[in-house]
Amino acid sequence: MKAVLKKLMTAMRGSVNELGEAVVDSQGSRILEQELRDSEHELKQAKNELAALMAEVASLNRQIKTESDSAESREQDARKALAAGQEELAREVAERIVGHERRKVELTQARVQLEERTRGLKERVQKAEKQLAEYRRELQVVKTNERVLRTTAQIDTNINSNQSSLSTARETLERIRERQAREEDRQGARAQLEKELTGQDLDEKLKAAGIDAEQDSVNDVLARLRGDQPS
Amino acid sequence: MDTQSLILALGDATHAGRTFNVMPVAGDDPVLQIAVSGADETPVYLTVTESQILCLVYLFEESEIRTSALPELHESMLRISVPMPLSALGKVENHYVVYGSLSPTSSQTEVMQELVTLADNAIDLLQTFEDFLE
Chain A
2 MKAVLKKLMT
12 AMRGSVNELG
22 EAVVDSQGSR
32 ILEQELRDSE
42 HELKQAKNEL
52 AALMAEVASL
62 NRQIKTESDS
72 AESREQDARK
82 ALAAGQEELA
92 REVAERIVGH
102 ERRKVELTQA
112 RVQLEERTRG
122 LKERVQKAEK
132 QLAEYRRELQ
142 VVKTNERVLR
152 TTAQIDTNIN
162 SNQSSLSTAR
172 ETLERIRERQ
182 AREEDRQGAR
192 AQLEKELTGQ
202 DLDEKLKAAG
212 IDAEQDSVND
222 VLARLRGDQP
232 S
Chain B
155 MDTQSLILAL
165 GDATHAGRTF
175 NVMPVAGDDP
185 VLQIAVSGAD
195 ETPVYLTVTE
205 SQILCLVYLF
215 EESEIRTSAL
225 PELHESMLRI
235 SVPMPLSALG
245 KVENHYVVYG
255 SLSPTSSQTE
265 VMQELVTLAD
275 NAIDLLQTFE
285 DFLE
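Which chain is which? The protein sequence lines are A and B, in order. Residues 2 to 232 (this note's numbering) make up the first sequence, in order. Residues 155 to 288 (this note's numbering) make up the second sequence, in order.
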């Protein structure tokens with residue numbers, strides 16, 4: 002990931018990214034996509050191999066159990082033969098037991114080896130999965146970068162064909178200010194209209210002329226109160 | 155969510171009292187130019203990829219910034235980017251942009267919220283950074 006980010010930064014730094022650099026990037030993503038496919042392939046193979054090994058271990062376990070079971074039952078046979086004084090028969094059974102035990106040891110050794118290979122393979126699978134996740138993350142960065150570059154190139158072409166050129170920030174700011182002024186005017190007009198509708202504007206004019214109904218009634222009350230009090 | 159269904163959905167939609175004027179941008183990739191009512195001066199460009207819906211607004215070009223003010227502008231942009239709702243600041247080629255990206259599984263409401271926020275943020279940012287302009 003670090004390598005991909007550094008590469009992108011080097012490509013971006015300095016002069017304008019012309020289409021040439023976008024081409025380099027898309028080659029980068031093609032290489033990454035190939036690596037991703039190789040990694041996926043390797044992972045699939047390793048998983049198949051792992052499944053086969055695990056099946057083999059299970060089969061060995063079954064064989065080992067069969068050998069132990071056989072040895073055990075033959076041991077009972079041998080005891081019975083000895084109890085019946087059949088020395089010769091008991092010896093024959095004992096030879097069988099030795100055979101079973103020998104096979105059991107061989108099978109167990111084979112299992113140990115298989116288990117070691119299984120462990121190794123599991124590690125390989127884990128490593129491949131980690132590598133795969135890494136490639137996917139890198140690919141996403143590279144592809145997004147490509148896409149953003151292509152998109153902005155497309156927008157620029159479009160703007161240039163519709164207008165003489167991309168409007169500058171100053172021009173945009175001017176248009177924003179004009180709209181905001183229009184909105185303020187509209188709001189002012191609305192507030193004025195509301196005042197007229199409620200008669201508030203007339204009240205304000207009267208007040209400005211020194212005619213204030215509210216103040217007048219307060220004064221009336223005060224005059225009445227003064228008149229009531231004996232001086 | 156693809157650009158076709160967005161064109162259809164946004165055409166008649168209202169979000170927080172705002173409407174959307176959608177125009178496809180000619181070219182190989184599906185890109186939309188979306189003007190949000192009340193912030194028409196800063197159109198949002200939207201494109202959909204397999205991993206995200208990318209929305210961006212052009213703020214200004216590097217050539218429009220006073221050269222001596224560039225380091226201070228960059229510092230301010232980095233600092234302001236974190237608290238700004240739903241948008242981040244960035245640079246593509248010579249364009250300084252404010253952008254936001256959404257999951258491709260986002261709902262229409264989420265996309266509309268992003269568009270309104272982004273267009274409003276762009277206006278606030280332009281007015282904020284006006285002093286850095288040539």
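Treat the hints as calculated values from the structure; they're not laboratory data. Treat the hints loosely; a few may be bogus.
Stated by the list, open to error - From the structure, some residues in chain B lie toward chain A, with a derived Cβ separation under 10 Å:
hint : residue
1    : Ile161
2    : Val176
3    : Gly192
4    : Tyr199
5    : Glu226
6    : Glu229
7    : Ser230
8    : Ala242
9    : Tyr253
10   : Ser255
11   : Glu264
12   : Leu280
By construction, the Cβ of each residue, glycine as well, lies at the ideal position given by its N, Cα and C atoms.
Cross-check of the supplied hints:
1. Ile161: With Cβ-Cβ at 16 Å, over 10 Å, it is violated.
2. Val176: With Cβ-Cβ at 14 Å, over 10 Å, it is violated.
3. Gly192: 8 Å, holds
4. Tyr199: Tyr199 (chain B) check passes; min Cβ-Cβ to chain A is 5 Å, inside 10 Å.
5. Glu226: 16 Å, violated
6. Glu229: The hint is violated - Glu229 (chain B) has no Cβ within 10 Å of chain A, the shortest such distance being about 19 Å.
7. Ser230: 15 Å, violated
8. Ala242: 13 Å, violated
9. Tyr253: Holds - the Cβ of Tyr253 (chain B) comes within 10 Å of chain A, reaching about 9 Å at its closest.
10. Ser255: 9 Å, holds
11. Glu264: 20 Å, violated
12. Leu280: The hint holds - Leu280 (chain B) has a Cβ within 10 Å of chain A, the shortest such distance being about 6 Å.
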